[in-house]
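**Q** Single-letter residue listing:
There are 2 protein chains.
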Amino acid sequence: MIDGTSEDRCSINVIHDDVIERVAELMPDSDKMSDLSLLYKALGDPTRLRILFALDAAEMCVCDISALLEMTQSAISHQLRILKQARLVKSRKEGKMVFYSLSDLHVAAIIEQGLRHVHE
Amino acid sequence: MIDGTSEDRCSINVIHDDVIERVAELMPDSDKMSDLSLLYKALGDPTRLRILFALDAAEMCVCDISALLEMTQSAISHQLRILKQARLVKSRKEGKMVFYSLSDLHVAAIIEQGLRHVHE
DNA sequence: TGAACATATGAACAAGTATTCATATATTAT
DNA sequence: ATAATATATGAATACTTGTTCATATGTTCA
Numbered sequence: 001m002i003d004g005t006s007e008d009r010c011s012i013n014v015i016h017d018d019v020i021e022r023v024a025e026l027m028p029d030s031d032k033m034s035d036l037s038l039l040y041k042a043l044g045d046p047t048r049l050r051i052l053f054a055l056d057a058a059e060m061c062v063c064d065i066s067a068l069l070e071m072t073q074s075a076i077s078h079q080l081r082i083l084k085q086a087r088l089v090k091s092r093k094e095g096k097m098v099f100y101s102l103s104d105l106h107v108a109a110i111i112e113q114g115l116r117h118v119h120e
Numbered sequence: 121m122i123d124g125t126s127e128d129r130c131s132i133n134v135i136h137d138d139v140i141e142r143v144a145e146l147m148p149d150s151d152k153m154s155d156l157s158l159l160y161k162a163l164g165d166p167t168r169l170r171i172l173f174a175l176d177a178a179e180m181c182v183c184d185i186s187a188l189l190e191m192t193q194s195a196i197s198h199q200l201r202i203l204k205q206a207r208l209v210k211s212r213k214e215g216k217m218v219f220y221s222l223s224d225l226h227v228a229a230i231i232e233q234g235l236r237h238v239h240e
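Going down the list, the sequences are from chains A and B. Residue 1 is where the first sequence starts when you use this note's numbering, and the numbers rise one by one after that. Residue 121 is where the second sequence starts when you use this note's numbering, and the numbers rise one by one after that.
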């Protein structure tokens with residue numbers, strides 16, 4: 001009952017070759033999948049989410065965010081770097097201070113959709 | 121220049137007390153934030169995303185998913201448990217096999233929105 | 001220039017995580 | 001009951017990650 005297409009990962013054999021073949025074609029590119037997981041990874045931390053919600057309410061400098069979340073400036077700065085790499089926030093320099101804000105409305109939409117999911 | 125409301129987290133002092141106060145009131149509950157981060161954490165892994173995309177295309181048993189993703193049954197099973205705890209997938213037992221599927225259309229919507237974000 | 005200060009960053013450490021391996025559980029068929 | 005097999009799970013391990021601490025960078029003001 002073994003045919004050439006079945007991978008031998010499962011102890012014995014693949015059960016539904018037809019399903020696997022059909023789904024395999026629909027699967028998005030593996031690179032896209034990694035990119036997407038990076039986005040969600042960036043969202044998957046309470047501190048970063050709190051920062052994003054704060055920035056959704058107002059543009060803020062690093063020191064203000066530290067004060068608001070009652071965390072060290074260093075911790076916030078590290079997290080902002082991650083958020084920026086994930087293109088979730090952008091920054092604007094004004095004198096000594098750096099003001100952060102959400103990079104676009106799309107980010108707010110993503111977060112709000114997540115919240116709706118949790119509310120069920 | 122120190123007033124009672126300013127936390128001393130920043131090296132010296134809070135810059136914009138008014139902003140902080142206003143944003144503080146708008147911040148969602150800290151528990152909700154943790155719940156939401158758990159959701160995103162569950163989405164923040166390439167393997168789990170691939171599983172979710174596969175299940176978006178068709179209900180599948182564990183063995184089929186292992187074959188499709190070319191990973192061990194054990195690894196898939198562990199990840200399915202995490203996805204189930206996050207209420208992203210549901211399962212249905214049929215004889216020896218367990219079939220998994222997305223728990224609702226909302227999950228598919230979340231993933232597709234994420235993909236759209238990556239596509240910019 | 002030098003002091004003060006807002007932010008960024010590298011190293012270190014503790015805590016969390018994905019996979020593997022071995023094995024347990026549960027179902028079906030003989 | 002026993003064998004076969006689909007899935008689940010606990011322990012171990014390698015890897016990742018969030019925070020802290022110390023310090024560097026860059027800006028303003030005297």
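Among the hints, a few may not be true.
[Said to hold, decoys possible] Pairs of lysine-lysine residues, derived as DSSO-like cross-links and limited to a Cα-Cα distance of at most 30 Å, are as follows:
hint: 1; chain 1: A; residue 1: LYS41; chain 2: A; residue 2: LYS84
hint: 2; chain 1: A; residue 1: LYS90; chain 2: B; residue 2: LYS161
hint: 3; chain 1: A; residue 1: LYS32; chain 2: A; residue 2: LYS96
hint: 4; chain 1: A; residue 1: LYS32; chain 2: B; residue 2: LYS204
hint: 5; chain 1: B; residue 1: LYS161; chain 2: A; residue 2: LYS84
hint: 6; chain 1: B; residue 1: LYS216; chain 2: A; residue 2: LYS32
hint: 7; chain 1: A; residue 1: LYS84; chain 2: A; residue 2: LYS96
hint: 8; chain 1: B; residue 1: LYS210; chain 2: A; residue 2: LYS41
hint: 9; chain 1: B; residue 1: LYS152; chain 2: A; residue 2: LYS84
hint: 10; chain 1: A; residue 1: LYS41; chain 2: B; residue 2: LYS216
hint: 11; chain 1: A; residue 1: LYS93; chain 2: B; residue 2: LYS204
hint: 12; chain 1: A; residue 1: LYS32; chain 2: B; residue 2: LYS152
hint: 13; chain 1: A; residue 1: LYS41; chain 2: B; residue 2: LYS161
[Stated by the list, open to error] Pulled from the structure, derived: some chain A residues nowhere near chain B, Cβ distances all over 12 Å:
hint: 14; residue: ARG22
hint: 15; residue: LEU39
hint: 16; residue: LYS84
hint: 17; residue: LYS93
It should be emphasised that the hints constitute simulated quantities derived from the structure, not laboratory data. This structure is a prediction, so every number in the text was calculated from the model and none was measured. Glycine included, C-beta positions come from ideal geometry on N, C-alpha and C.
**Q** State for each hint whether it applies.
**A** Each hint, compared with the structure:
Between LYS41 of chain A and LYS84 of chain A the alpha-carbon distance is near 13 Å, which keeps this suggested pair within the 30 Å criterion. For the hint pairing LYS90 of chain A with LYS161 of chain B, the CA-to-CA distance comes to about 22 Å; that is within 30 Å, so the pair holds. For the proposed pair LYS32 of chain A and LYS96 of chain A, the alpha carbon gap of about 38 Å is over 30 Å, so the pair is violated. At most 30 Å may separate the alpha-carbon atoms for a hinted pair to count; LYS32 of chain A and LYS204 of chain B meet this at roughly 23 Å.
Between LYS161 of chain B and LYS84 of chain A the CA atoms are separated by roughly 18 Å; this keeps the pair inside 30 Å, and the hint holds. A C-alpha spacing of about 34 Å is found between LYS216 of chain B and LYS32 of chain A, which places the hinted pair above 30 Å, so the restraint is violated. Restraint check for LYS84 of chain A and LYS96 of chain A: the C-alpha separation of about 19 Å stays at or below 30 Å, so the hint holds. Straight-line distance between C-alpha atoms of LYS210 of chain B and LYS41 of chain A comes to about 22 Å, which keeps the hinted pair within the 30 Å bound.
A distance of roughly 23 Å separates the Cα atoms of LYS152 of chain B and LYS84 of chain A; the hinted pair therefore holds under the 30 Å criterion. Restraint check: the Cα-Cα separation between LYS41 of chain A and LYS216 of chain B comes to about 34 Å, which exceeds 30 Å; the hinted pair is violated. Of the pairs offered as hints, the one joining LYS93 of chain A and LYS204 of chain B is violated, with about 43 Å between alpha carbons and a cut-off of 30 Å exceeded. For the hint pairing LYS32 of chain A with LYS152 of chain B, the CA-to-CA distance comes to about 29 Å; that is within 30 Å, so the pair holds.
As the CA atoms of LYS41 of chain A and LYS161 of chain B are separated by approximately 6 Å, the hinted pair is consistent with the 30 Å bound. Taking the minimum C-beta to C-beta distance to chain B, about 7 Å, the non-interface status of ARG22 of chain A is violated against the 12 Å cut. Distance check on LEU39 of chain A: its Cβ comes as close as 6 Å (rounded) to a Cβ of chain B, failing to clear the 12 Å threshold; non-interface status is violated. In this structure LYS84 of chain A is separated from chain B by more than 12 Å, as the shortest Cβ-Cβ distance comes to about 15 Å.
Distance to chain B confirms LYS93 of chain A as a non-interface residue, since its nearest Cβ pair spans about 15 Å, more than 12 Å.
Consistency with the previously given hints fails for numbers 3, 6, 10, 11, 14, 15, ordered from lowest to highest.
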